[in-house]
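Colleague: Okay, here's what each chain looks like letter by letter:
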Amino acid sequence: AQTVTQSQPEMSVQEAETVTLSCTYDTSENNYYLFWYKQPPSRQMILVIRQEAYKQQNATENRFSVNFQKAAKSFSLKISDSQLGDTAMYFCAFMNPRKTDKLIFGTGTRLQVFP
Amino acid sequence: NAGVMQNPRHLVRRRGQEARLRCSPMKGHSHVYWYRQLPEEGLKFMVYLQKENIIDESGMPKERFSAEFPKEGPSILRIQQVVRGDSAAYFCASSPGGRAKSRNEQFFGPGTRLTVL
Numbered sequence: 001a002q003t004v005t006q007s008q009p010e011m012s013v014q015e016a017e018t019v020t021l022s023c024t025y026d027t028s029e030n031n032y033y034l035f036w037y038k039q040p041p042s043r044q045m046i047l048v049i050r051q052e053a054y055k056q057q058n059a060t061e062n063r064f065s066v067n068f069q070k071a072a073k074s075f076s077l078k079i080s081d082s083q084l085g086d087t088a089m090y091f092c093a094f095m096n097p098r099k100t101d102k103l104i105f106g107t108g109t110r111l112q113v114f115p
Numbered sequence: 001n002a003g004v005m006q007n008p009r010h011l012v013r014r015r016g017q018e019a020r021l022r023c024s025p026m027k028g029h030s031h032v033y034w035y036r037q038l039p040e041e042g043l044k045f046m047v048y049l050q051k052e053n054i055i056d057e058s059g060m061p062k063e064r065f066s067a068e069f070p071k072e073g074p075s076i077l078r079i080q081q082v083v084r085g086d087s088a089a090y091f092c093a094s095s096p097g098g099r100a101k102s103r104n105e106q107f108f109g110p111g112t113r114l115t116v117l
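Sequences listed follow chains G and P, in order. Numbering follows our numbering, with no gaps: position 16 of the first sequence is 16. Numbering follows our numbering, with no gaps: position 96 of the second sequence is 96.
Rather than coming from a laboratory, the hints here were simulated on the basis of the structure. Beta carbons are placed, not taken as given, at the ideal position from N, Cα and C, and that holds for glycine. You may find that some hints are simply not true.
Unchecked claim - In silico lysine-lysine, BS3-like type, Cα no more than 25 Å apart, as pairs:
| no. | chain 1 | residue 1 | chain 2 | residue 2 |
| --- | --- | --- | --- | --- |
| 1 | P | Lys51 | P | Lys62 |
| 2 | G | Lys99 | P | Lys44 |
| 3 | P | Lys62 | G | Lys70 |
| 4 | P | Lys51 | G | Lys73 |
| 5 | P | Lys71 | P | Lys27 |
| 6 | G | Lys99 | P | Lys51 |
| 7 | G | Lys78 | G | Lys99 |
Claimed, not checked - Coverage of chain P stretches by chain G, computed from C-beta distances (three or more under 8 Å per stretch; other residues unrestricted):
| no. | region |
| --- | --- |
| 8 | 31-41 |
| 9 | 85-95 |
To be verified - Cβ-to-Cβ under 7 Å is the rule here; a few derived chain G residues that face chain P:
| no. | residue |
| --- | --- |
| 10 | Tyr33 |
| 11 | Arg43 |
| 12 | Phe91 |
| 13 | Thr100 |
| 14 | Phe105 |
| 15 | Gly106 |
| 16 | Thr107 |
| 17 | Gly108 |
Taking the hints into account, I'd like the entire structure generated from these sequences.
Modeller: Structure representation (structure tokens):
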């Protein structure tokens, strides 16, 4: 069974600095999708970034980028120029489209951005 | 283009009552997913539906829980005879499915917070 592990329960960063959130996963599949979701205090789940496993190039969305290491089964999220509005829970998620499209989530990392 | 809508946002039930949670997917989306988030935990998959079909219910408890997505109207997650352990946030997500480039992207609703007294 696929599993997703986020080993950092809490992280903090100063405004304008860079922070990296870790995520590892376990799967025997070769083709799959990985996602990072943000959950601010409003509890709305917001898609931050996605990565297809068959793409070697790391995904980037403005200040958010990933470091996807397929062999190591690692999928970290880098937030550059952190802003106060980035304060939230961040969840890493895995999807195996060959089976069903359900998302398997990690336990989350609580990120606090300080002024 | 309205996002995924869920209602009610908050629901309070006493033990033994029934809870009905509704989810209207984004316009053009035919796939609906339900997830549960217990306090201080990540989201756990419950069920995946397409119109009039349950595709994957591997995360649904065997008893008291059921889900449907009729041809017309919203998707309903129904919990019968609720117990305190059912207290959680229930999220619905939708995706377009089919051949859309973003067919696997799931867009989440704001959630329904169920409290069982």
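Colleague: Are the hints correct? Go through all of them and say.
Modeller: Hints and how they fare:
Pair hint Lys51 of chain P plus Lys62 of chain P holds up; C-alpha atoms about 22 Å apart against a cutoff of 25 Å. At most 25 Å may separate the alpha-carbon atoms for a hinted pair to count; Lys99 of chain G and Lys44 of chain P meet this at roughly 17 Å. Distance check on the hinted pair: Lys62 of chain P and Lys70 of chain G sit about 36 Å apart at the alpha-carbon level, beyond 25 Å; violated. A C-alpha spacing of about 35 Å is found between Lys51 of chain P and Lys73 of chain G, which places the hinted pair above 25 Å, so the restraint is violated.
For the proposed pair Lys71 of chain P and Lys27 of chain P, the alpha carbon gap of about 14 Å is at most 25 Å, so the pair holds. Restraint check: the Cα-Cα separation between Lys99 of chain G and Lys51 of chain P comes to about 19 Å, which is no more than 25 Å; the hinted pair holds. At most 25 Å may separate the alpha-carbon atoms for a hinted pair to count; Lys78 of chain G and Lys99 of chain G exceed this at roughly 29 Å. Beta-carbon proximity to chain G at under 8 Å applies to 4 residues in the region 31-41 of chain P; the threshold of 3 is reached and the given coverage holds.
With 4 residues having a Cβ less than 8 Å from any Cβ of chain G, the region 85-95 of chain P passes the three-residue criterion, so the hint holds. Taking 7 Å as the C-beta cut-off, the interface hint given for Tyr33 of chain G holds, the closest approach to chain P being about 6 Å. Restraint check, Arg43 of chain G versus chain P: the minimum CB separation of about 6 Å is within 7 Å; hint holds. Hint status for Phe91 of chain G: holds, given a least beta-carbon distance of 6 Å to chain P, under 7 Å.
Residue-level restraint check for Thr100 of chain G holds (minimum Cβ-Cβ distance to chain P is 4 Å; threshold 7 Å). At about 4 Å, the closest approach between the beta carbon of Phe105 of chain G and any beta carbon in chain P falls short of 7 Å, and the interface hint on this residue holds. Given the 7 Å rule on beta carbons, the hint for Gly106 of chain G holds: about 6 Å separates it from the nearest Cβ of chain P. Of the supplied interface hints, the one on Thr107 of chain G holds, with its beta-carbon coming within about 5 Å of a beta-carbon of chain P, less than 7 Å.
The beta carbon of Gly108 of chain G is positioned within 7 Å of a beta carbon in chain P (closest approach about 5 Å), and the interface hint is therefore held.
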